[in-house]
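Colleague: Chains as they are written, first to last, in our numbering: chain A, 72 to 362; chain B, 72 to 362; chain C, 72 to 362; chain D, 72 to 362.
I should point out that these hints are in silico values taken from the structure, not numbers from a laboratory.
Hints are supplied without guarantee of correctness; some may be wrong.
Chain copies aren't distinguished; within one or between two, either way the pair holds.
[To be verified] Listed next, the in silico DSBU-like pairs over lysine-lysine satisfying Cα-Cα at most 30 Å (straight line):
1. Lys-180 x Lys-106
2. Lys-92 x Lys-264
3. Lys-264 x Lys-304
4. Lys-92 x Lys-304
5. Lys-201 x Lys-180
6. Lys-92 x Lys-180
7. Lys-264 x Lys-180
8. Lys-92 x Lys-201
9. Lys-304 x Lys-180
10. Lys-106 x Lys-264
11. Lys-310 x Lys-201
12. Lys-106 x Lys-92
13. Lys-92 x Lys-310
Number of protein chains: 4
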Amino acid sequence: MDVGFIGLGHMGAPIARNLLKAGHHLIVYNRTRSKVEPLAREGAQIADLVADACRGEILITMLADDPAVEDVVFGDRGALSALRRDAIHISMSTISVGLSDHLTEAHGKAGQGYIAAPVFGRPEAAAAAKLFIIAAGADLMLSRCHQLFDEIGQETFVISNRPSEANLVKLSGNFLIAAVLESLGEAFALVRKSGIDPHRYLNILTGTLFSAPVYRTYGPIIADAQQPTDGFKMSLGLKDMRLALAAADALAVPMPVASLVRDHFIEGVAQGESDADWSGLARLAARRAGL
Amino acid sequence: MDVGFIGLGHMGAPIARNLLKAGHHLIVYNRTRSKVEPLAREGAQIADLVADACRGEILITMLADDPAVEDVVFGDRGALSALRRDAIHISMSTISVGLSDHLTEAHGKAGQGYIAAPVFGRPEAAAAAKLFIIAAGADLMLSRCHQLFDEIGQETFVISNRPSEANLVKLSGNFLIAAVLESLGEAFALVRKSGIDPHRYLNILTGTLFSAPVYRTYGPIIADAQQPTDGFKMSLGLKDMRLALAAADALAVPMPVASLVRDHFIEGVAQGESDADWSGLARLAARRAGL
Amino acid sequence: MDVGFIGLGHMGAPIARNLLKAGHHLIVYNRTRSKVEPLAREGAQIADLVADACRGEILITMLADDPAVEDVVFGDRGALSALRRDAIHISMSTISVGLSDHLTEAHGKAGQGYIAAPVFGRPEAAAAAKLFIIAAGADLMLSRCHQLFDEIGQETFVISNRPSEANLVKLSGNFLIAAVLESLGEAFALVRKSGIDPHRYLNILTGTLFSAPVYRTYGPIIADAQQPTDGFKMSLGLKDMRLALAAADALAVPMPVASLVRDHFIEGVAQGESDADWSGLARLAARRAGL
Amino acid sequence: MDVGFIGLGHMGAPIARNLLKAGHHLIVYNRTRSKVEPLAREGAQIADLVADACRGEILITMLADDPAVEDVVFGDRGALSALRRDAIHISMSTISVGLSDHLTEAHGKAGQGYIAAPVFGRPEAAAAAKLFIIAAGADLMLSRCHQLFDEIGQETFVISNRPSEANLVKLSGNFLIAAVLESLGEAFALVRKSGIDPHRYLNILTGTLFSAPVYRTYGPIIADAQQPTDGFKMSLGLKDMRLALAAADALAVPMPVASLVRDHFIEGVAQGESDADWSGLARLAARRAGL
């Protein structure tokens, strides 16, 4: 297929690469142009403008936040005006429920399709085509995208025909991860201050009730007090808690743990750790305990 | 071996049964006598007094809380006076770090051994000899107990030679479970109020990053808003948060999620749900959201 | 002076009435027209359109929230286009820091003045011209408004020449009131459940360290479990916590008590109490305690 | 009257001095003997043992915490055995509800009176005989103490005939003060980071809704980021939140703001600020915001 791809960051680049490998014709656009060059060497065509990436049947966007998506879609010569009727915009970014509803309506009016397809998985998973894809949108649109999803992920979960529900699931999933990071942080601070070996402790957790990827991935980072450099940033964790809480506020759902985690991300940002991996929540918990 | 066993509740009874099956001579004591009768029919000897269960090489206690253990050990004609020198008291109850330190000292002075060996696992796991055992104590004592542990559990994790560290690990583990219950409760309230099918949502969680027993066990209970009758009670969840926070206070470790969960257990108790399963945290979260 | 006045709710109507009494020529506009009629009988002129209220030297707006202000100012034939150069818009609404900054810029570009002047005080205080006015804006503009402020309030506090700082002070003040409501709610639940007479307790508080209007006003409401019908609504309390937290997020300031209070307002709204007085926070605290 | 006085710290010494001035015969005891010497020079008799201070009609204790009181009362040759029948023990310390109930029972069995009479006020207020006294106990006992209370305080509030209710009121009052310190800390962090002058801000608070001693006393300390050296210590604030939460737990009352404040006191202690004034809560809030 002819696929436009906008947003070649930590996650976008490996996803785009897998689509290239699968044989699609890819036109890629990134605001910082240097990021598209490696892909160009592997066969992608470079778009000079957003609109140039919107000529095909499919447009995939994988961008940092709501403003970036708004800019690409609603901006002057943006995707909304450039996409043809019947083209599908697959938005893989973690954006707000409100913006996703807005995109559904705007693309619908323009006769275009819109699928929300945020993903779970870190850059390594993206590179290995092992992402989990959370998809929502009209059935007909989804059926046109399934092949693509299979090429970049290990499994696709379809939520419903309302795109923003995929975004809500993604945001709530990031909340659950952050809740794990926070509570592990507190538990490790306790255990460490008591003099118990943190690796022995982690081994118990992952060997018993907590044998899931989220504990296996972040447990060793926290036990070693590592600071991964290629992870998911605190500032993005904060953004996602903000969006989860905004969605919860709109539905009148109190989420006290989400509020607490949000406050701790703000604390991290206030102390200059915006760019640190979001597992830094555990480092903050340790610091509060005087460790 | 000659094994005394005190405390034949939901957890104690199946553990004792497995020791009987393994061929040990068991003398069992329970304050409410009716609970020992089924075991007597399977071959256990009934003790009329605590002291009568303290004649053998090993005494196992599996009791509800600190006062129950204090009563059995320090009470008139209690275990401390009744156990012979070199006997070992294996305390499987989830008790405070402080009491465990106190027991270490008291048994030590009396020339007796003391092992803390709290467990992870619900009554079904106890019945299937699939418990996880968290053990701490002097090496020599532990080596005398390993065979017993293998007969009742699937794996034994040794922490250190300070018994109370096993209790701290157990308490922190219960905190981590409660934190999962609370955050799942908030996430399901959000997702449900948005109109997303809760089973589809759960399927995503356990199919991706959250594929651990704690999510697999409690997820369906929460998705179905079940109220299991044989579970771990809110009042016991509250007790354990109290003990975890007391240990954290003694070590000067702030644990805000533990504080929040404790407040929610108190709310449950205040609303007459002391005896409900501790996954009731999720029901409280739903109720707060007006569900 | 020729004064336009938009927004004749619980607070706006008595303020406008005091300006009429002071001898100003008032042109009043309200979306729900019935609310302007009592004022018309007292001498105010009725504006059919927003623009008709923007002909004078001064425009005062006292509206419910950001969208209402945006609509009046930026809407088609709104204040921004209708006000003459050198006219001053005095915004008394409790709005966001972001919108206030936006208004500063927009009015400035149009050669118009902009003053933020939110107030502390309930409708009775507005009627008695006893409001406290928190004002910020350019000195020259402020000096043109001082006379008006004296006619409606008991004291005017000037913050700085940046209008949005008055809004931040107002939001932080509402946060402090809500924090008092929440903590009084918790304290009264405790004291009441212990069997202590709540009025005797309140008498101690207001007779010792807590002898301030905020305790004297809300204490009796909470001690009697009253539900005032003309108060400040939970839904508005929620809105203000949302705005305070948004301002705090923008400045990277964690405010955990504000987060907690916000969650409790959401709980109130979820349980159908949007329109209840915000002292309902205390009723929620009592309910959580099973009272 | 013949009055024994045990505990001559920051609060006890000025109270004892006022009783001396009022003409009572005072026998004083303090564990650290050097603290009684200034009082001896002013006419007090020094007791070498606790029992020596228990010969009179009245015993007043003003001690740091539960263990100190338990030691003095229940210790070998302690007050319980040394006081004569009909003597009254006035406990002014801020102790737990549980211990106060225990003292009521123990003194009652010994035919002695027991009054709980904790106070509000800092050392300056104690020196000026301006304390607020919160008293509870049997009417007959209270009537025998009123004269004494008038000599050391500006007002006595009688709660009920159950002594521990005075302790609960005192603990809940300290909770309300700590809640003010915490919320002021958050508000000042916000305002300060926005660039608003903190004194101008404080002036608004105390000039409007927050014109109470608690804001007037602590507001300037927080606005100036002072660190008073003779204040009420963080470690004592933590102790009181612990006791308030224990009382609330026993009555099944969730107090989330108290939990939050407790966590912040623990954070202060973990960071070496045990001995800092409890207004240090505001400094922690500022630090979290990167100030």
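Colleague: Under the constraints set out in the numbered hints, which ones does this structure not fulfil?
Modeller: 1, 2, 5, 6, 9, 10, 13
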